[in-house]
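Trainee: Take the given structure of chain W and dock chains B, S and G to it, following the hints.
Chains as they are written, first to last, in the UniProt record's numbering: chain W, 1 to 351; chain B, 1 to 351; chain S, 1 to 351; chain G, 1 to 351.
If you are wondering where the hints come from, they were derived from the structure by calculation, not from laboratory data. Misleading hints may appear alongside valid ones.
Since the list gives no way to pick one copy over another, a pair counts as held whenever it fits inside one copy or between any two copies.
Stated by the list, open to error - Here are the simulated lysine to aspartate or glutamate pairs, EDC-like style, with alpha carbons at most 20 Å apart:
1) K42 <-> D69
2) K42 <-> E340
3) K195 <-> D40
4 protein chains.
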Amino acid sequence: MADGSKARIAVLGASGYTGSELVRLLLRHPGAELVALTADRKAGQAMADVFPQFAPFSLPRLVTIEEVDFSGVDLVFCALPHATTQDVIKTVFDKAPKVKVVDLSADFRLHDPGMYEKWYGHPHAALDLQKEAAFGLVEIYRDAIRKARLVANPGCHTTTAILPVVPLLEAGAIDPDTIVIDSKTGMSGAGRSAKEAMLFSEVSEGIHAYSVGSHRHMGELDQEYSKAAGRPVAPVFVPHLVPMNRGIYATLYVRTAGAKPEDLHRLLADYYRGEPFVHVLPFGQVPQSRHVRGSNMVMMGVVADRVSGRAILVSTTDNLVKGASGQAVQNMNLVLGFPETMGLEQIALMP
Amino acid sequence: MADGSKARIAVLGASGYTGSELVRLLLRHPGAELVALTADRKAGQAMADVFPQFAPFSLPRLVTIEEVDFSGVDLVFCALPHATTQDVIKTVFDKAPKVKVVDLSADFRLHDPGMYEKWYGHPHAALDLQKEAAFGLVEIYRDAIRKARLVANPGCHTTTAILPVVPLLEAGAIDPDTIVIDSKTGMSGAGRSAKEAMLFSEVSEGIHAYSVGSHRHMGELDQEYSKAAGRPVAPVFVPHLVPMNRGIYATLYVRTAGAKPEDLHRLLADYYRGEPFVHVLPFGQVPQSRHVRGSNMVMMGVVADRVSGRAILVSTTDNLVKGASGQAVQNMNLVLGFPETMGLEQIALMP
Amino acid sequence: MADGSKARIAVLGASGYTGSELVRLLLRHPGAELVALTADRKAGQAMADVFPQFAPFSLPRLVTIEEVDFSGVDLVFCALPHATTQDVIKTVFDKAPKVKVVDLSADFRLHDPGMYEKWYGHPHAALDLQKEAAFGLVEIYRDAIRKARLVANPGCHTTTAILPVVPLLEAGAIDPDTIVIDSKTGMSGAGRSAKEAMLFSEVSEGIHAYSVGSHRHMGELDQEYSKAAGRPVAPVFVPHLVPMNRGIYATLYVRTAGAKPEDLHRLLADYYRGEPFVHVLPFGQVPQSRHVRGSNMVMMGVVADRVSGRAILVSTTDNLVKGASGQAVQNMNLVLGFPETMGLEQIALMP
Amino acid sequence: MADGSKARIAVLGASGYTGSELVRLLLRHPGAELVALTADRKAGQAMADVFPQFAPFSLPRLVTIEEVDFSGVDLVFCALPHATTQDVIKTVFDKAPKVKVVDLSADFRLHDPGMYEKWYGHPHAALDLQKEAAFGLVEIYRDAIRKARLVANPGCHTTTAILPVVPLLEAGAIDPDTIVIDSKTGMSGAGRSAKEAMLFSEVSEGIHAYSVGSHRHMGELDQEYSKAAGRPVAPVFVPHLVPMNRGIYATLYVRTAGAKPEDLHRLLADYYRGEPFVHVLPFGQVPQSRHVRGSNMVMMGVVADRVSGRAILVSTTDNLVKGASGQAVQNMNLVLGFPETMGLEQIALMP
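Bound-form chain W, shown alone:
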């Protein structure tokens, strides 16, 4: 904070995986102090009861959202399920209009109320806030985020697929109509709800596609791709579940518009030069998801296909860090005036 004191932080929804990842990062953030953690169904418990890895640390007990005094809070992370979030944030701002909010749900990512209604099947409940929200992809919207009161942290699939494509669409270097995104995610992206389909025995030792042709996060892709291209873009996007805890790995198939694959690589290298959390590999190399695991890094690569005019992009993030809570802290750093990398210096764990 400007006055040198620590920022007072609340995490709403601390009992899920993005919530616990926020706590993990914020406990070691030199400028942040955790003053409230909420978890409706687990209110009253200690955080260590819910996530024993926190047993050695001192943390506020879990409470309900109603119990939080937002007047004493500088910034709220909202890691709640879709739809309930809009009401909660509206209420938070009603109680404390000057608080900052970084929202990890999908509720404020789509600027167009019509698009929101199309993808989510109901009208948005906080249209003013929807208009106000900054899209929290720092490398693209850094300036807007700095001034924002409400930041909509983008999804993990979308963060990973937007970053390598936007510079190419902006430059007119690829055909907007033939983009294919084959995305693979680790299991922690599916959350901590007890569902049969997420049991170890259901998802280990195999892979499968899900939400084929209909995944809601395509709305975010369309929005950002279209904005970059200056005209409507609707890529093919298919997510897959992979038996690993963390990681998003997007393989993107593109057709160049005149440009050569080397040109695509140069465009990306130029665009992200100096970015602390984006690393563009040498032309012809692709990353592995494990090379960013546990870190806030995006790694990407460009490879020429054997047929001229076709190229393959690969982009990878840790879905809980750059794909969720790490990016949220990066947004917090901008919003509160901390150095952008503060508390996010962790290097990937491999193995």
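Mentor: Using the frame of chain W, we list chains B, S and G on its own:
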């Protein structure tokens, strides 16, 4: 066999994963008797020393290829590395011209010597045999295989990617120039050689693409797709390594040529009706790789994309069974006159 | 069956993992015909909706238990949760006194009503049946099982820990008071109920002990160890969850009573000579759980510790096969007069 | 450093997993500067070629040990294989007698030359140094380590098994003759050498014991247990390989000597009160290995067995952090006068 006796079988290269899978299947095949197992570097050892799961069973000791008396053998499975294979099989036929051979390497899959040289970087050493070999994809070449002396068992990625596409190309239902194949494989497909890159700690808890833009098995895809389309086809193909033992999972992105996605589904359902080892799911459903694990089954599905004219095909096999040793036994059954499903009835293990 | 017809089989609780494993085995059993599958909450669905690996096969639809006509059934497998089972089986026998039952729950494994009440916290609801039930550990109680109407299939931890110890206690070769059993199980043993603690992200990439000092299956261990020793035995037993689908791996620490470790090995080798599903490794060798995965085999080994008088036994099974459904089919084979190994010939999958 | 400058650090053996883990930790250590990284067979390569997760960071190129100028180095981490280490460290001290060394191999852990020779099969090549070396288990030998020139960082199994037992033996609270240690380790503990037995397909989906009755690290256990007990102790110790990357999980079976299990718990809680890296759970609770993954924490628990006089201890660490490189940095912090927790604040990643 026609006379009711058991077929005498040799497995060359029994110390690798496709070799051990052949032994697993053939030990329970009512018409087969294992009379020779070879493993050059492990000759002299018992099979149970190399694969302890066989300890309870009686099996021939491992010997070198030179020690095998091929005159007493009805059929040879060749599970040796690429390139050495051509010389070995030439020698086998020199010694025993009437023996049948099912080859699991890539050596005899490409009919065009020029294509072989292009993908493998050296001229083929057994051109006559290359001409003679049947491509061992039973569902497409059943009749030719029945009459063949030498069957070239197709690769795991290619088996999985050819079966859902050939009927559509033959029918002119999809655009041959925009096919994208994003294929994912389990680790057993990488074989049993001690390589740093295949250590548990290198490949668990992550995913990555490999041989991007340059995988050799594209030669097989080109050959079969082109034949089906009646003109040259060169799809985009990117394989990925997934932290699981078994499974190939191919997500195929196609553009329809006039047809609707439902038409693609109907074409596949018709083409494979009655096939014992191909199961086409209802329109709109996709399989999971674990639903075929341990079985000789291919499962496939067709889904419409949200944009008209685009469809997503998913196809999955167990890389060691239908993608290698199971299909090899299926080929043996045809070549030796056994019922096609004999010894291949195992149902997928899930979990 | 004696008259050559197929045995008509019902599986109660077909939507769990032991249920689906029974279906997998019985679909390929030459003497069995599946005539009824029940699943209370999923009644009305096709088995393929619940377990897509069965999509290629023809199976009865799932029904409630009330809908089953037991008069047309020869044998019932009961794969239901503890406690409900006793009432269900009582009702089944009331309706069809001549039907045979193989029960996979813990309800009929303890012969002593007092012990049942101690471990399960309530009186047994079917005392007569409890008295009548045979303990379904074939290698020890083969003759009793042949004559039984009701067989209590033992648990997976207990099957794995009883087989290597009973012969040693019977021979007086080890000290009954210092047996330590450190048992490790794969996740499928925890069943298919949607529980947070069984999510992939909760149990992959780690290991932990559970029910330390209080696991209910110790009742079975005590019963069988005490019977073998001829006096009360209460071993230490701690189960652990390992991030794998299948497998029980018990490491047993014993002190010899005069005997040498080699003597323990000889006792086991003699005891299990000729058993189709028990393999005793050479002295000094231990098995790996993957060497029995997917098979009905038990593998065990004996190693001398560095200090005289101490030995280590290792025993391993596939918890869903020899530890549950495979052993249940083995019991069915005895009860119905089929060859004991029928339908259980599958060899372990490795990898 | 006392003068406020950064300590100049060399890592010998940077291409293995403990080496890369040292680099990961030291890159973020405020007091350390990496000035030399060695890897004999990979000399000349960039660290990012060997471990791509370091691509975004600036690091010295890999060189041979001979190329390092030790006169400009304050502390050397030695992460080399057993046996070669003694010669290397002797040479390092010859060249630069004032440098400090933290050795991660087993070479200097045993104080008794006879014991070394017994376990390793050959005489020690640097007897003076062996005598001088401090045993680097900080919580027990903190004062000696502070003054040491050479610290022998203990093994991962031993760190995990020594910490919960030494306080109990010192207090005479448990029987030294009946300790059983069933230890489980993740795969990264087996190192990065390309060995068939460590391939993903060999070690995933299963568990197995190894070095049963003969693991060399028993020498360290004997030494430390005997010292604590004041008389010779030789526990039973069996290590197991578990399909996970990181983690040591030791289940220890003890018999109390008069004491109650609650007393054991109180002894441990008292002994480790205030320790930053040891967390004793409430009586009756046990940790999971994933609750310390990626952190320098040891978590331990004590549970009473159902039979009086028997107790179960569970202790867990991350084998690459507290079990190797994290503890090595903790030792460096003591030796160089940094705060003990500096650079080791990372909280466990779960999931």
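Trainee: Run every hint past the structure and note whether it holds.
Mentor: Here's how the hints hold up against the structure:
1. For the identical chains of this complex, K42 and D69 are intra-copy neighbours only, at 18 Å inside a copy versus 46 Å across copies, given an alpha-carbon limit of 20 Å.
2. Taking the shortest Cα distances, K42 and E340 never come within 20 Å of each other, neither inside one copy (33 Å) nor across copies (35 Å).
3. For the homomeric pair K195 and D40, the shortest alpha-carbon distances inside one copy (19 Å) and between copies (18 Å) are both at most 20 Å.
Comparing the model with each earlier hint shows a violation of hint 2 alone; every other hint is respected.
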